[in-house]
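Using the hints, position chain B against chain A.
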Amino acid sequence: MTGSLIQGIHHYCIGLSYLCAFLLELARLLWPANGWRVAGLAFGAAGLFAHTAYLLVNQPSPAEPYGSVLWLAWVLALFYFWGTAHKHAKQAWAVFVLPVVIGLVAVSRVLLTATPETPAFDAAAWATGERFWGAVHGVLILLASVGVSVGFLASVMYLIQARRLRKKVAPGTVVPMLSLERLETMNRRALNFAFPLLTAGLLVGSILLQHGHALSDNWLSLKVLSTAGLWLVFLVLLYLRYGAHVPARRLATLSIASFALLLVALAASHPFAVGGAK
Amino acid sequence: MNLRAIGCNVDSAAVELREKLAFDAAKTQRALAELNARFATEAVILGTCNRVEIYLARQETVAPLHVPLMSEFLSEMHGVPAAAIVPHLYEHADAAAVRHLFRVASGLDSVVLGETQIAGQVKDAYEAAQKLTATGALLNKLFPEALRVSKRVRGETGIAQGRVSVSSAAVDFVQQVFSTFEDKTVLVIGAGKMGRLTLNHLAELKPAAILVTNRSPEKAAASARDCGGRVVPWEQLDDALVQADIVLSTTGAPEPIVTRRRFDDKVRRRRAGRMLIVFDMAVPRDFDPRIHDGDTVSVFNVDDLARAADERKAERRRHLPAAEAIVEAEVTKFVKEWNTRQDGPVIGKLTAEVDKLRDAVVSQLLGKLNGKLTDAERDYIEGAFRLFQSRLLHGPIAALKESSREGHSGGLREALRKLFGLGE
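Protein sequence lines, in the order shown, are assigned to chains A and B.
Sequential numbering of the first sequence, starting at 1133, is according to the numbering used here.
Sequential numbering of the second sequence, starting at 0, is according to the numbering used here.
These aren't lab readings, by the way, just hints derived from the structure by calculation.
Virtual Cβ for every residue (Gly too), placed ideally from N, Cα, C.
Accuracy of the hints is not assured; some may be wrong.
[Unchecked claim] Facing chain B, from chain A, some residues (calculated, C-beta under 10 Å): (1) Ala1238; (2) Arg1241; (3) Val1242; (4) Ala1302; (5) Glu1316; (6) Arg1321; (7) Arg1373; (8) Val1378.
Bound-form chain A, shown alone (with noise of 0.2 Å):
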């Protein structure tokens, strides 16, 4: 009974779970009651309950455009769950990483659609090398993902933080949120650990690439030119980071662009889902 009842989970109803979370959190910031927190934080863990229970039981891999999407939601929801009980009750957090789990389970809804006859993650064959090198440039992929997806979220909240400042309004009359140097410094820890796992990441997938492992795409595939473009401006953001020393409100609009790149290079077919390493 329990089993069937998991496996009648759909993206809708994680989708749907998160969206109810995300208006409540809206409620709150509206009408403040410790109520809408309380209903959001349990709409919030049953959409996390949902999709983790929809993970286990369909095993998407991260390696296919929709199984990275769907992961690299998930791990986001973690954040906001973790964010929202816990680390930043009092910002508006939520508010902010919500809109993105929602986004990024539409966007895997899609991209299942769009290639129903996914297969799914075999840990087995991946284990035993059948396709090892694919598991680890996919999981390298996925975990930079989410470094540059924290990233971006950082840096939205801190360009309108920004953008209030410029402005003088007044703190705590609006959304409440971090502050510039919490953000920053948030924005800078996602740069520096994303930038290494997407550099072997690549260095890996370059390799099999070169070896005709990957049967899907060549050099100029869209996917192979995301990737390089996102790596290209992560290094353009270290260099003015560390380098440079320009404004961080232009390194926040620089990681956005490299968040909009990460969705193109996610959503772009992938090269090592199907063959894998032989």
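Structure of chain B alone, referenced to chain A:
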């Protein structure tokens, strides 16, 4: 419940009267002793710069204290004619008195909505009265509850969020820029009064260092002594600006001391993109406003802080309905719990009295019929009397509980005591 809150506040009485009615420690002690001795009442006196209030709780069997009586008492204590006091006193009774105290403790009745100082003052007033054994069952339950409600209101709504004075609004702006302060340096330029007030608030953030500079080395040294800072020579202002994270400027200079050009040429580049927040409290302004970019450098002047403080006040008002809802729910809960607690002994006594009466009648009856009844018939008769008793008492007990729920069971409890001879 026989509770009264009688007093005056900033809305009902001018400061001239309030200051005459103010209680110092000695007067409070004397007044509480007098109230206890003369009126056999529990009492707490709450005196702040905005209010003088006396909370009085008496037995339900005696008449409540009222405004004319209390104005006589205040007149006696302070030597002010009672006629001058009466028109300015308000009186809240029972549930309304509970509501009033909950609102006062939560800062909902304060001039600055949501101010937090009042909770401490309520606590002090209660502890002072408790120390003098002027409080009893009701006030010992009411005041701790009021403090709990105050905490709940502040914790669950934004009624106390943000700073609403001009000098303290700076702290809110600083917290929009920085999250840690133990590694930050505050630079104070000049020695204006507004600057000192603002510095007091910024010092609460415990910055790593406070630098003070002034055209006059003597004034700089004096300011540094006051705030525990270090003097920086006026000639090294640019270096100090490079080093600082937060600047507080309050000189009396007729022209800006930090022009855009000076800042861009001698400060901005050397800061390597580090964030700086400047509070220019001087009029005319000390910093060229064009330095402000809302990213690496944010400059706020007195008007910006005043506007922020005003907006904060408006923002707090937005939280008022949620705060009032919490207070209302807590008042209902308190009154219900108190009345239920008071009902318990009355219902217990009533049941015991009627039990005794029933036992006496049944024993007498069964004694007369001794030998003529079977055991089953005896049980039947005893059961019938118990049922009769239960039906007889159902009405009064249900009515008492209903009155308690509605918050006015005192009269009915008293009536039951008298009707059934239950005593005190």
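Is the hint on Glu1316 of chain A kept, meaning its closest Cβ partner in chain B is under 10 Å away? holds, 8 Å
Does Val1378 of chain A pass the interface check with chain B, least Cβ-Cβ distance below 10 Å? holds, 7 Å
Restraint outcome when Ala1302 of chain A is required to lie within 10 Å of chain B by C-beta distance: Holds: closest Cβ of chain B sits about 4 Å from Ala1302 of chain A, inside 10 Å.
Given Ala1238 of chain A as an interface hint, is its Cβ closer than 10 Å to any Cβ of chain B? With a minimum Cβ separation of about 33 Å from chain B (threshold 10 Å), the hint on Ala1238 of chain A is violated.
The hint names Arg1321 of chain A as touching chain B; please verify it with the least Cβ-Cβ distance against 10 Å. violated, 13 Å
Should the hint that Val1242 of chain A touches chain B count as held when the rule is a Cβ pair under 10 Å? violated, 36 Å
Do the numbers back the hint for Arg1373 of chain A, that is, is its least Cβ distance to chain B under 10 Å? With a closest approach of 9 Å, the Arg1373 of chain A hint holds.
Regarding the hint that Arg1241 of chain A lies at the interface with chain B, is the smallest CB-CB distance below 10 Å? violated, 37 Å
The structure shown violates the earlier hints numbered 1, 2, 3 and 6.
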